[in-house]
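These protein sequences, in sequence, are chains R and G. Taking the working numbering, the leading residue of the first sequence gets 9, the next gets one more, and so forth. Taking the working numbering, the leading residue of the second sequence gets 13, the next gets one more, and so forth.
Any given hint could turn out to be false.
[What the hints assert, rightly or not] Simulated restraints, written as ranges between beta carbons of each label pair:
no.: 1; chain 1: G; residue 1: Thr123; chain 2: R; residue 2: Gly50; range: 40 to 46 Å
no.: 2; chain 1: G; residue 1: Ala29; chain 2: R; residue 2: Ile63; range: 41 to 47 Å
no.: 3; chain 1: G; residue 1: Glu32; chain 2: R; residue 2: Ser74; range: 38 to 44 Å
no.: 4; chain 1: R; residue 1: Pro104; chain 2: G; residue 2: Pro91; range: 30 to 36 Å
no.: 5; chain 1: R; residue 1: Asp65; chain 2: G; residue 2: Gln57; range: 41 to 47 Å
no.: 6; chain 1: G; residue 1: His94; chain 2: R; residue 2: Thr28; range: 37 to 43 Å
no.: 7; chain 1: R; residue 1: Gly50; chain 2: G; residue 2: Pro126; range: 37 to 43 Å
no.: 8; chain 1: G; residue 1: Gln70; chain 2: R; residue 2: Glu22; range: 47 to 53 Å
no.: 9; chain 1: R; residue 1: Ser35; chain 2: G; residue 2: Ser15; range: 32 to 38 Å
no.: 10; chain 1: G; residue 1: Arg89; chain 2: R; residue 2: Thr84; range: 35 to 41 Å
no.: 11; chain 1: R; residue 1: Asp65; chain 2: G; residue 2: Ser51; range: 26 to 32 Å
no.: 12; chain 1: R; residue 1: Ser15; chain 2: G; residue 2: Gln70; range: 22 to 28 Å
Just so you know, the hints here were simulated from the structure itself, not pulled from any lab data. Virtual Cβ for every residue (Gly too), placed ideally from N, Cα, C.
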Amino acid sequence: DAGVIQSPRHEVTEMGQEVTLRCKPISGHDYLFWYRQTMMRGLELLIYFNNNVPIDDSGMPEDRFSAKMPNASFSTLKIQPSEPRDSAVYFCASSPGLQETQYFGPGTRLLVL
Amino acid sequence: AQSVTQPDIHITVSEGASLELRCNYSYGATPYLFWYVQSPGQGLQLLLKYFSGDTLVQGIKGFEAEFKRSQSSFNLRKPSVHWSDAAEYFCAVGAAGSARQLTFGSGTQLTVLP
Chain R
9 DAGVIQSPRH EVTEMGQEVT LRCKPISGHD YLFWYRQTMM RGLELLIYFN
59 NNVPIDDSGM PEDRFSAKMP NASFSTLKIQ PSEPRDSAVY FCASSPGLQE
109 TQYFGPGTRL LVL
Chain G
13 AQSVTQPDIH ITVSEGASLE LRCNYSYGAT PYLFWYVQSP GQGLQLLLKY
63 FSGDTLVQGI KGFEAEFKRS QSSFNLRKPS VHWSDAAEYF CAVGAAGSAR
113 QLTFGSGTQL TVLP
């Protein structure tokens with residue numbers, strides 16, 4: 009298996025622009041997680057899905073952030089409008105069960121100018 | 013609520029020396045415990061995990077960790093460190109039997125001296 013795939017790997021954008029991050033989980037994994045990693049706050053869970061349904065989005069910082077999972081093999085995390093404080097590394101992870109090992113993608117490094 | 017503490021922000025060891033990274037957790041029942049490693053510019057890779065059973069867990073790359081319930085700890089060890097082990101290490105706890113997801117520690121940065 010190719011593992012969790014994320015795109016793009018790097019994104020540089022200007023404040024106010026829309027940013028879309030993409031994730032393809034490992035085939036057969038029912039759970040998908042979006043994390044954000046910053047120096048100040050470490051690794052934070054933003055949202056997770058089970059069978060394409062959002063279960064807990066309490067970690068989403070504000071309404072500018074939205075996440076979707078239209079099918080079992082694809083998820084997006086969208087920031088609109090983006091702000092400099094959104095600059096971080098965003099990780100996607102998937103797992104076959106909620107309490108099973110989460111496998112992480114390589115991350116998307118986002119810089120908002 | 014569950015929490016994880018990694019008291020050492022940065023550790024430096026010489027190549028060939030032994031290593032122990034500390035992790036303390038807070039959770040009311042039996043936790044699921046994980047150690048992940050993150051190399052610069054890379055994602056997180058699972059080193060090992062503890063769900064139940066033998067409290068000494070073997071992982072990849074020669075790492076092991078021991079779950080000590082009485083001390084609420086899950087320290088990571090390696091008898092002889094290699095230069096390629098330089099990375100950031102994260103301990104994480106998941107709550108067994110509930111809908112909670114992983115909580116990560118703040119990480120320990122490991123530097124290996126030649």
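*asked:* For the hint 37 to 43 Å, verify it against the beta carbon of G/His94 and that of R/Thr28.
replied: At 39 Å between Cβs, range holds.
*For R/Ser15 and G/Gln70, compare the CB-CB distance with the range 22 to 28 Å and indicate the outcome.*
34 Å, violated
*Do the Cβ positions of R/Asp65 and G/Ser51 conform to the proposed distance bound of 26 to 32 Å?*
Between R/Asp65 and G/Ser51, where Cβ atoms are some 30 Å apart, the hint holds.
*asked:* Taking the Cβ atom of R/Ser35 and the Cβ atom of G/Ser15, is their distance within the range 32 to 38 Å?
replied: 33 Å, holds
*Taking the beta carbons of R/Gly50 and G/Pro126, is their distance inside 37 to 43 Å?*
29 Å, violated
_Supplied distance hint 41 to 47 Å, evaluated on CB atoms of G/Ala29 and R/Ile63_ = Holds: the Cβ-Cβ distance is about 44 Å, inside 41 to 47 Å.
*Please test the hint of 35 to 41 Å on the beta carbon pair from G/Arg89 and R/Thr84.*
40 Å, holds
_Supplied distance hint 40 to 46 Å, evaluated on CB atoms of G/Thr123 and R/Gly50_ = 19 Å, violated
*Should the hint that G/Gln70 and R/Glu22 are 47 to 53 Å apart at their CB atoms be regarded as holding?*
Distance hint for G/Gln70, R/Glu22 holds at roughly 48 Å.
*asked:* Taking the Cβ atom of R/Asp65 and the Cβ atom of G/Gln57, is their distance within the range 41 to 47 Å?
replied: Since R/Asp65 and G/Gln57 have Cβ atoms about 26 Å apart, the given range 41 to 47 Å is violated.
_Can you tell me whether the CB distance of R/Pro104 to G/Pro91 sits inside 30 to 36 Å?_
32 Å, holds
*Does the Cβ-Cβ separation between G/Glu32 and R/Ser74 fall within 38 to 44 Å?*
42 Å, holds
The structure is inconsistent with the numbered hints 1, 5, 7, 12, although it conforms to all the rest.
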